[in-house]
Each structure stands twice: as structure tokens, then as C-alpha cells.
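Q: Sequence:
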Amino acid sequence: MNKFNIGSILVALGLAFGGSAIAQNISKDEHEAAEKSIVAQYKLDKEKCESLTGNAEDICVAEAKGKEKVAKAELEAKFKPSKEAAYKVSVAKAEANYDVSKEKCDDIAGNEKDVCEKAAKAILEQAKSEAKAKQHH
182 MNKFNIGSIL VALGLAFGGS AIAQNISKDE HEAAEKSIVA QYKLDKEKCE
232 SLTGNAEDIC VAEAKGKEKV AKAELEAKFK PSKEAAYKVS VAKAEANYDV
282 SKEKCDDIAG NEKDVCEKAA KAILEQAKSE AKAKQHH
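Numbering (our numbering), first residue to last: 182 to 318.
Hints listed in this document are in silico derivations from the structure and should not be mistaken for laboratory results. Bear in mind the structure is a predicted one, so any value in this text is a computation, not a measurement. A few of these clues could be false.
Label pairs and their calculated CB-CB ranges [said to hold, decoys possible]:
1) Q222 x E265: 23 to 31 Å
2) K261 x E293: 26 to 34 Å
3) K294 x E238: 17 to 25 Å
4) I207 x K302: 30 to 38 Å
5) A300 x K227: 44 to 52 Å
6) A303 x E231: 44 to 52 Å
7) S310 x D287: 19 to 27 Å
8) K217 x S263: 20 to 28 Å
9) K294 x E213: 18 to 26 Å
10) K313 x K227: 13 to 21 Å
11) K313 x P262: 26 to 34 Å
The C-beta atom is built at its ideal place from N, Cα and C for all residues, glycine as well.
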């Protein structure tokens, strides 16, 4: 049986979806172009998943969806910067990490799977709490 290091996977996911800083406003035209680019990138990422099977495909699709969700939240935060927009970016990252983590937990069986899922959920809740706290400061 393969030993599974939940912590290293969750840290890697955090780094993968961690992020680009939110900077300045962008024009409506830049926003529309960026939105089209995000959708096109998602389609490409999802197509790459089609060559995979089973849970590897599910993980790949979750990663693609998460990447799209985070990119859209970051785009909105650039278009209309606010504490609420920054909060939504943080939540999008946390939810993307959680969705991928959940899929990765599916590769495990028994108690280790339960532990993995609970750890992923705890990290999601902690990230949401931290995002909420930052929103109010």
C-alpha cells in the first residue's frame, strides 16, 4: 500500500492555486478580452484531461475548474477592486484547493480517506475564516 502524505499534497495545492497579486483597475475592453482568454484556457485545460481516465481525469478536471474560478475572481478583483473582491479571490482559491483535494482523497481507501477528506475540509474552513478576517481589516 502506498503511503500517502496529505500535508504535502495540500501544501502543493496551496502553492498551485496561490496567487498572483491583485493590482490596479483594468478597462472594460481589457476585462472582456481577459474573460475570453480565461474561458479559452479552461477549454484547453479540460481537453487535456480527456486523455486521462478514472480519478486522474477527475483530478485534472477539478484543477481546470479551480484554475478558471480563481482566474475569474482575480479578473473581477482587478476590474472592480474592493475588500469584497479580494475576499472572493481568497474563497475561490480555498474552494479550488478543496475540490482538488477531495478528488485526490478518492485515491485512498478506508480511514485514511476519511482523514484526508476531514483535513481538506478543515483547511477550507480555515482559509475561509482567514479570508473573512482579512476582509474586515
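Q: Within 20 to 28 Å or not, the Cβ separation of K217 and S263?
A: holds (24 Å)
Q: Mind checking the hinted window 19 to 27 Å against the Cβ distance between S310 and D287?
A: Given a distance of about 26 Å, which is inside 19 to 27 Å, the answer is holds.
Q: Is 13 to 21 Å right for how far apart the beta carbons of K313 and K227 are?
A: This hint is violated: roughly 31 Å between Cβ atoms.
Q: Taking the Cβ atom of K294 and the Cβ atom of E213, is their distance within the range 18 to 26 Å?
A: Because 43 Å falls outside the window, the suggested range is violated.
Q: The hint says 26 to 34 Å between K261 and E293; measuring C-beta to C-beta, is that right?
A: Check failed, 43 Å falls outside 26 to 34 Å.
Q: Taking 23 to 31 Å as the stated bounds, is the beta-carbon spacing between Q222 and E265 within them?
A: holds (25 Å)
Q: Kindly confirm whether 44 to 52 Å is satisfied by the beta carbon distance between A303 and E231.
A: With a Cβ separation near 33 Å, A303 and E231 fall outside 44 to 52 Å, so the hint is violated.
Q: May I ask you to test the hint 26 to 34 Å on the CB atoms belonging to K313 and P262?
A: violated (18 Å)
Q: So the hint says 44 to 52 Å: do the beta-carbon atoms of A300 and K227 match that?
A: violated (27 Å)
Q: Are K294 and E238 spaced within 17 to 25 Å by their CB atoms?
A: With Cβ atoms ~19 Å apart, the hint holds.
Q: Is 30 to 38 Å a correct range for the gap between the Cβ atoms of I207 and K302?
A: holds (35 Å)
In this structure, the earlier hints numbered 2, 5, 6, 9, 10 and 11 are contradicted, and the remaining ones agree with it.
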